[in-house]
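Peer 1: Use these hints to put chain A onto chain Y, whose structure you have.
2 protein chains.
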Amino acid sequence: MQLFELCGKDEDVRFSPYVWRVRMSLMHKGLPFDVVPVRFLDKKPLENAQSKTVPVLNDEGTWVKDSFDIALYLEHTYPDRPLFGGELAEGQARLLNEWATQTMVRSIFPMIVADIHSRLDDKNGAYFRETREKFLGCTLEEAQADRDAKVVPFRQSMAPVRNTLQAQEFLCGSSPAWADYCVFGTLMWARIASEFALFEVDDPIMAWTDKMLDMFDGYARKAKLGY
Amino acid sequence: MQLFELCGKDEDVRFSPYVWRVRMSLMHKGLPFDVVPVRFLDKKPLENAQSKTVPVLNDEGTWVKDSFDIALYLEHTYPDRPLFGGELAEGQARLLNEWATQTMVRSIFPMIVADIHSRLDDKNGAYFRETREKFLGCTLEEAQADRDAKVVPFRQSMAPVRNTLQAQEFLCGSSPAWADYCVFGTLMWARIASEFALFEVDDPIMAWTDKMLDMFDGYARKAKLGY
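The listed protein sequences correspond, in order, to chains Y and A.
Going by this note's numbering, 38 is the number at position 38 of the first sequence; the sequence numbering is gapless.
When you read off a place in the second sequence, starting at 1, and then add 1000, the result is the number in this note's numbering.
It should be emphasised that the hints constitute simulated quantities derived from the structure, not laboratory data.
Nothing here was measured: the structure is a model prediction, and the numbers come from that model.
From the three backbone atoms N, C-alpha and C, an ideal C-beta is built for every residue, glycine too.
Only true hints are included.
Far from chain A, some chain Y residues (derived; all Cβ distances over 10 Å):
#1 Val13
#2 Val35
#3 Lys44
#4 Asp59
#5 Phe109
#6 Ala114
#7 Asp115
#8 His117
#9 Thr139
#10 Asp148
#11 Ala149
#12 Ala197
#13 Ile205
#14 Leu213
In silico lysine to any residue, SDA-like type, Cα no more than 20 Å apart, as pairs:
#15 Y:Lys29 - A:Gly1086
#16 A:Lys1052 - A:Leu1041
#17 Y:Lys150 - A:Gln1156
#18 Y:Lys43 - Y:Asn124
#19 A:Lys1150 - Y:Phe154
#20 Y:Lys222 - Y:Leu31
#21 Y:Lys65 - A:Gln1166
#22 A:Lys1150 - Y:Pro153
#23 A:Lys1065 - Y:Gln168
In isolation and in its complexed conformation, chain Y is listed as follows:
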């Protein structure tokens, strides 16, 4: 299996939040995979899956795009060690996936966007700056400048995750599964691209993050940081 991932100017720095959702899902299933680096301006490898974004999975000729569709593909093709555990759970998971994308990704993005730019080479960085500044309506540096203010409502918006982790050990209950990888994968994006602290050290989300970093023999903890 090949997983196509976004990388920085340092090829070993892999920061896509969606790729991390899939990485952890593959580890959960115990499926071996190779990672293939892709840059913003070099997305030819993704064309086999008719995709313009990572992640893309190539499972011996079966090409799948979109992190959530890849998770569903893995679940249906390799049903051992469930990521969801049934049709109702898959339905619910789509809602959680949308929540993580619409709420978490959108809130985190402006707080780390100039840091992400710093991880890119000149050519990819110029492309990133142009497209993202158009989206943001300001410079990357302006978006990030008031992140100490932006982080306050972000932390509040994470109350559902925080409260859940006060009632149970993982977001999927007594052991981690896809919902954990979805939220954690999104946080890995910030961890790898930026030194900015999204949470206070005593936030219950930090204790859970630590457990997630330790999983699979410290797989995520060993990931190369971009700074």
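Peer 2: Frame of chain Y, contents of chain A only:
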């Protein structure tokens, strides 16, 4: 089975969002139940469950409080017609439950709070006004006055639900289950207490709401409105 519910000055007007989550769950399981009205200032009936809030379920002497715990109780006691469908799904559902409570309930509350007050008798209304105005830091009428502005970010915050319903028929996939009842139940609160339109008529959430109102022979559609 007895379900203890909050009611207005008209005893047949039952508007608690948490009660509606349980009502729909009981209908889903096909379990017969009686509804017992409770008012804000008359919560003696809830003491058997050591609860100060509705809903409370009395299943022939087994008392259960909290809408999510009641749903779990029903799932484990009456496993036919699953509401969740497994441990991972129950874990995920707690996160969705927290999201619906932290995000939906908190956003909707100030937009309908004076309308809720109008549904109460003088004594319960005075109690409601005093406690809720302390919580809000303004009068009920002030909180509700700018609801045309408040509804804009609320509609945006519902993007996860909207996007999910564009990919699948119900929040639990191809058929409704607990996640649907959780979100729909929260919307029943506004439907029964207030004439204010939370969504534009062409919002995909409205089409799904219509399907939910039709379920179980139009059970929710027949509920008495408070106005």
